[in-house]
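Required output: the full structure, derived from the provided sequences and hints.
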Amino acid sequence: MKKVLVLCSVAALVLACATNPLTGKKGLALTNENEQLIPAAYQQYTTFLKENKVVTGTADATKVQNVGAKIKDAAVKWMTSKGFKDQIASYKWEYKLIQGKEINAWCMPGGKIAVFTGIMPVTKDEAGLATVMGHEVAHALLSHSRKRMDKALIQAGVAQGLGAATSGSSAAVQQGLGLLYGTGSNLAMLAYGRGDESEADRLGLMLMAIAGYNPDNAISFWQRMSAQGGSKTPELLSTHPSDKTRIADIQKLIPEAKAEAAKFGKKY
Numbered sequence: 380m381k382k383v384l385v386l387c388s389v390a391a392l393v394l395a396c397a398t399n400p401l402t403g404k405k406g407l408a409l410t411n412e413n414e415q416l417i418p419a420a421y422q423q424y425t426t427f428l429k430e431n432k433v434v435t436g437t438a439d440a441t442k443v444q445n446v447g448a449k450i451k452d453a454a455v456k457w458m459t460s461k462g463f464k465d466q467i468a469s470y471k472w473e474y475k476l477i478q479g480k481e482i483n484a485w486c487m488p489g490g491k492i493a494v495f496t497g498i499m500p501v502t503k504d505e506a507g508l509a510t511v512m513g514h515e516v517a518h519a520l521l522s523h524s525r526k527r528m529d530k531a532l533i534q535a536g537v538a539q540g541l542g543a544a545t546s547g548s549s550a551a552v553q554q555g556l557g558l559l560y561g562t563g564s565n566l567a568m569l570a571y572g573r574g575d576e577s578e579a580d581r582l583g584l585m586l587m588a589i590a591g592y593n594p595d596n597a598i599s600f601w602q603r604m605s606a607q608g609g610s611k612t613p614e615l616l617s618t619h620p621s622d623k624t625r626i627a628d629i630q631k632l633i634p635e636a637k638a639e640a641a642k643f644g645k646k647y
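The opening position of the sequence shown corresponds to residue 380 in this note's numbering, with each subsequent residue numbered one higher.
By construction, these hints were calculated from the structure, which means they are not laboratory data.
Here the structure is a predicted model, which means the values were calculated and not measured.
Warning: the hint list may mix true and false statements.
Claimed, not checked - BS3-like mimics (lysine-lysine), calculated; alpha carbons at most 27 angstroms apart, straight line:
#, residue 1, residue 2
1, K642, K456
2, K480, K429
3, K631, K503
4, K480, K623
5, K456, K480
6, K449, K471
7, K404, K637
8, K637, K442
9, K637, K623
10, K456, K645
11, K432, K471
Next up, the structure:
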C-alpha cells in the first residue's frame, strides 16, 4: 500500500506542472490554485478584514482604490496578452487600506489586496503606491504563494501533503495561507525568497507602466523604503540583497518595463 501511495505521489508530481507567465518555464504545481488556494484565500481574507480595521472615506483609502483598479486592469491586459487569461478568470479583486503601522502590503491569490497605513507616507504619491501594488499583484500572478505552499507540503511529506491538499477547504491549505499572510493577527508575515522577489520587481514594473505610471518613479520609492530601515528592515525588503543592489537591479529592468508598456500604448 505504501508503495502505491509513493508511486501515485511521484506521478502527481510529474503531471502537475504550471507555466510561469513571465519566463515561460514550467514548474511544479502540487497545489491547485483555482480549486484550492483561491477559495481558501477568500476565506482567509474575509477573516482578516473582520479582525482588522479597514480604513474608508479618506484620501489614502480612495488612492488605494484608484491605483488598485488601474493595476488590476493592467494585470488583466498583460495576462491576456500572454495567453493566461483563464488563470485569473476566477479572480475577485479587492483593494483595502488596513490600519496598521507595518510598512507593508500584500496580494493574496485571487486578487485580494491589503495595504497597511504604515506604508502610505513612504509611497508618497500614486506612482509610489503603484510601485507597491504592482509588485504585490505580480506575486499573485506568478503564483508565488502556491510555490511556497507546495514546498511546505513537500517538506511535510509528499504522500501526506498530497492527501492534505485534496480539498479546497483543507486544514493544510487554510493554515498555510494563514501563516503566509499573517491573517488572524495585525502583522503580515509573508516573506518570499529572493528569486520570487526579483520576479515580482520585474513584472511589477511592467504592470505599473502599463497602468499609466512611469516606472522611473519606482527608484525613488525604493530609495525611500531603504531609508526606513534603521535597526529593523521593512518586510518588503527583508528577503532581498542589499538595498543598493536591489535598486541597481530595478534600474536595469526599467527599459524592459517601458518597452512592454509601449505595446499597450503607454510611452514614457
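Hint check:
1. Proposed proximity of K642 and K456 is supported: the alpha carbons are some 11 angstroms apart, at most 27 angstroms.
2. With a C-alpha separation of about 18 angstroms, the suggested pairing of K480 with K429 holds against the 27 angstroms cut-off.
3. Of the supplied pair hints, the one linking K631 and K503 holds, its CA atoms being roughly 23 angstroms apart against a limit of 27 angstroms.
4. At roughly 25 angstroms between alpha-carbon atoms, K480 and K623 fall within 27 angstroms of each other, so this suggested pair holds.
5. Straight-line distance between C-alpha atoms of K456 and K480 comes to about 33 angstroms, which puts the hinted pair past the 27 angstroms bound.
6. A threshold of 27 angstroms between alpha carbons decides the hint, and for K449 with K471 the separation of about 15 angstroms falls inside it, so the pair holds.
7. Taken as a hint, the K404 and K637 pair is honoured in the structure, with Cα atoms around 23 angstroms apart against an allowance of 27 angstroms.
8. A hinted pair counts as satisfied when its Cα atoms are at most 27 angstroms apart, and K637 with K442 qualifies at roughly 23 angstroms.
9. This hinted pair checks out: K637 and K623 have alpha carbons roughly 22 angstroms apart, not beyond 27 angstroms.
10. The straight-line distance between the Cα atoms of K456 and K645 is roughly 13 angstroms, inside the 27 angstroms bound, and the hint therefore holds.
11. Taking the CA atoms of K432 and K471, the gap is about 21 angstroms. The hint holds against a cut of 27 angstroms.
When the structure is compared with the earlier hints, a violation turns up for hint 5 alone.
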